[in-house]
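K.L.:
Residue strings, one per chain:
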Amino acid sequence: MNIRSLRLAFCSIAIAGVMTALALTGDAQTQKLFTPARLSDGKTPDFRGIWQVRDTAYVNIEGHPAEKGIAAARSIIVDTPDGKIPYKPQSLAQRQENYKNRATADPSLKCYQAGVPRATYLPTPLQILQSPGNFAIVYQDNHAFRVFHPDTRPHFDSADWWMGDTRYRWEGDTLVADVVALTDQLWLDQAGNFHSTEIHIVERYRMTGADTIEYEARIEDPVVYSKPWTLRTVLYRIKVPAARIIEDECLEDANGVRHHISPDDPKNLLKSDYSRWKKPAQK
Amino acid sequence: MKAVSTSHCFVLATALCVLLSAGGSRPLAAQATQAPSNAPSAPLPRLPGGRPDFQGLWLKSAGGFQGLFIGSLDGTNLAAGGARGGGRGGRGGPPPTRYEYTPEAEAERMDRLRRGYEDPEARCHLPGVPRALDQPGGLYPIQIIQDEKYVSLLHEAMHDVRIIPTDNSRHPKNYWAWDGDSRGRWEGDTFVVDVSNFNGRTWLDMAGNFVDENEHVVERFTLTDADTILYEATITDPTVFVKPVEMRFTLKRVPAEQQILEYSCLEGERSLQHYTEEDGGKKLRTK
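First to last, the protein sequences are chains A and B.
Mapping the first sequence onto my numbering, position 255 (from 1) lands on 255, and the numbers just tick up by one.
Residues are numbered in my numbering as their position in the second sequence, beginning at 1, plus a constant of 1000.
The following block holds chain B by itself, in its conformation from the complex (with noise of 0.2 Å):
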């Protein structure tokens, strides 16, 4: 799908960026090596209130691998050598999300397979939840900042923001959202987000598995040593779904000289409406 290699181009032109960021002269395998350590037997660090601080820059990581996946479409990463893996189902990366559908919504999605140049994040639409995580390993970070009445997600794709209110307060009337609404509460150390009020329009990945306006989640927020987030989220929707799908991945702290950069998907997707039929585009539709 060449949709799919447009996107990567975003992708490629990002990670660029994230190199540049941490002082573009330092090779590839250094900057691997720059991650932290994990020192299990470090205590978690906490806010003065006592809960889990969840503040830094992260990154998702495929499993083991670490550092940066500048791919192309067969999963070749460029950033470690030629090595497959970073991407959904990497080497080492988390077990494949099982997606059962409804007889109706398995139809429709085998259709958005085919149609993978609709996919509205390629149109620059905010991803949703949980893709406003599950980004490909290793590319766009995400800033937390933390106070005893919000946690934030400042992602860098997309520049989406998600301003979570730890109150567990009620979801809205009347609002449907592309990363509908989200309302946090704390379990013991886990942070949980109930997630509800979504528009109905949010694909999941570039495959064309998706969700309508019934879909709800809950996330779980874990920090499992100093700098590691274990992400894990169940998405229920009765009208797509015949049962739950659960997802579960890491995310790992980005070495402090690294920073957030901007991240600006402009209007029109042009190049989608230029491949031909045959490649998924839409080259012979006349307007």
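Just chain A, with the same shape it has in the complex (with noise of 0.2 Å):
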């Protein structure tokens, strides 16, 4: 091998490199300029359809380890230096009282509805109800709903909801959600992490792909955050033909049981309180 035809390798291998450095340019130009179908006014990016995350954040958004029947997980959380939430101390301390106390002080066991971002990333499917006009979410998970409302009007923030009041706008093809007046009495996964009445969240909803809405939440809370911080996760289209979401009631009964009611369980469904009523034969 002579000098020249070293020089020829350098010169094809330098020549591939740039062309697979703008080939991966390109790759993530395309996905920045996915363009989602249309709803039926020609305008609006179409994000109906039935989604759910892949991921387990809704253990611990901020990584755990493997445990019986969950796969471990990396921290979801995209901007700080660690992947942690930047707790101020006294609500790091409280943190770690809940997650010491999360087998019984998860308020998600005690049927409430998931609260925003938790109901995101839950691990059952959500759907998007769209039309020219109108946004909203439904969440299997205890059948809570969001309606996004407009941007042109304020909040209504007068109250604590347990989905808090959501307003919208589009940035381009960008579903972007202005969120607030959730109540403190909310938990954001498994593991204690909280926020306080003065939560304030922006959600950016973006297709990058047919079948793929990432979604990011910037959560701010001056109560109990000593900065801002934001997660992103994946929500992937639900692809089984037919597919819808099922009914989810998850209800203390009088004796304070809770119960998550299954309706693939009919024996499960009339054992309990109305057993009294004796029906004739099953059709």
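Since the hints were made in silico from the structure, they are not lab data.
Here are the computed lysine to aspartate or glutamate pairs in the EDC-like style, where the Cα-Cα straight-line distance is at most 16 Å:
1. Lys1173(B) - Asp264(A)
2. Lys110(A) - Asp248(A)
3. Lys1149(B) - Asp1167(B)
4. Lys1149(B) - Asp46(A)
5. Lys84(A) - Glu220(A)
6. Lys1252(B) - Asp1134(B)
Predicted, not measured: the structure shown is a model, and the values here were computed from it.
Once you've looked at the hints, go ahead and assemble the two chains, each given alone in its own frame, into the complex.
P.N.:
Now the structure itself:
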């Protein structure tokens, strides 16, 4: 191999490298520029469908080791150096306390609606309902729903809600939602991460492909956190034919026992409160 | 029945919320006159595909009674200056629904009437169909979002949701739910919904009327003008009723400046246990 062929080889490698770099940039560009389908008005991006995350951030958004039946996961917090929530010292102590008591203290065990952003990354699907001028998300968990109102009218924030008050606008093909008025009874995951009623969330929903929505929530709460922070995850389209979200009832009975009522078990449904009605022969 | 008054506490709280959303300072009378006028000549709103467009925010109306029912057990409507009405059978309201039970079911119904505190809705369970729509008049709005594939009903009451496909598809097997399973189809301009797969635990109202898991409902939604939906439901249940139960009332459009709010029916209706036996409660029962 002489100098010349070496130089040629070097050049080829360099060119290949540059082309690869270009190709990567190209990929990133294509992803950014994905153009969603439109609703019947020919204008509004079409986010309709049934979606679900594939990670296990619902266990702990800061990341967690593997547990029985649950795979390990990395933090979904993207803008702090260690992937941790920037708690104020006092609040961090509260979180540790919550974590210790999580087996009984998690409000979701009491069947409350999951709140924002927690409802987004639950291990159950959500359905986006949409038409020109309307946008709503129905979460399978506890049949919670959020009607997104245009931000042309101010927040209705004189009360605290389980699912907050949401005002949205379109920035290009990204839906940007401003969420306030959440109760401080909520947790962000099963690990005791929490917020106060001062929480303010800016959500961004952006389609990165025909079957993926990138979900981002920038969270600020000057009472609990030392600075704002952001989590990011991906919602995947459920492509099972004729998929539907199912009815999910999670309620406490008169004796204080909590039930997740499953619609695929008629015995479970019929044996408790109202068994005094002796039905004639089943059909 | 004290259980009824407890339910009315929910009712009152939510009604106040609706008021707040409309701008708390506006007098009630003014609000009642804000309802959009019914112009019979105006064409029905339609989706691009030509189907009637049911979208918007709707309230069950009790006949000519427009506005809110903030009431007490005897039917007094505080929101209408003490006039009666707004509830089932209120003045100018729809005709009362008639239930004709089999003898065994009639006995069960009378027993449930005495055990009103066991009404599953008082424990925040989903109301089922048609009770999801047959809430007391003028109280809980329903947001309808619609496209060519679904007519979706978002009920403020009990944050109940029904996402109804319009393709007349089949009911699933091995599925039993409070709201059953709804499959819709278009018959001309009427949206007809077939509802089956009920879990059999539903009460139809606070007065002990009930169905079991053999319940089957056919609902008909018809826009009679731009601001009115005629709702009709036929309930059959061969093990409970000797003949189908017919129900009909109207939903009126809510002015655009109002919005649906969150309804949180929380677990543990403790107060039901604290009523004494003679009040229909369980106070004498020990754990």
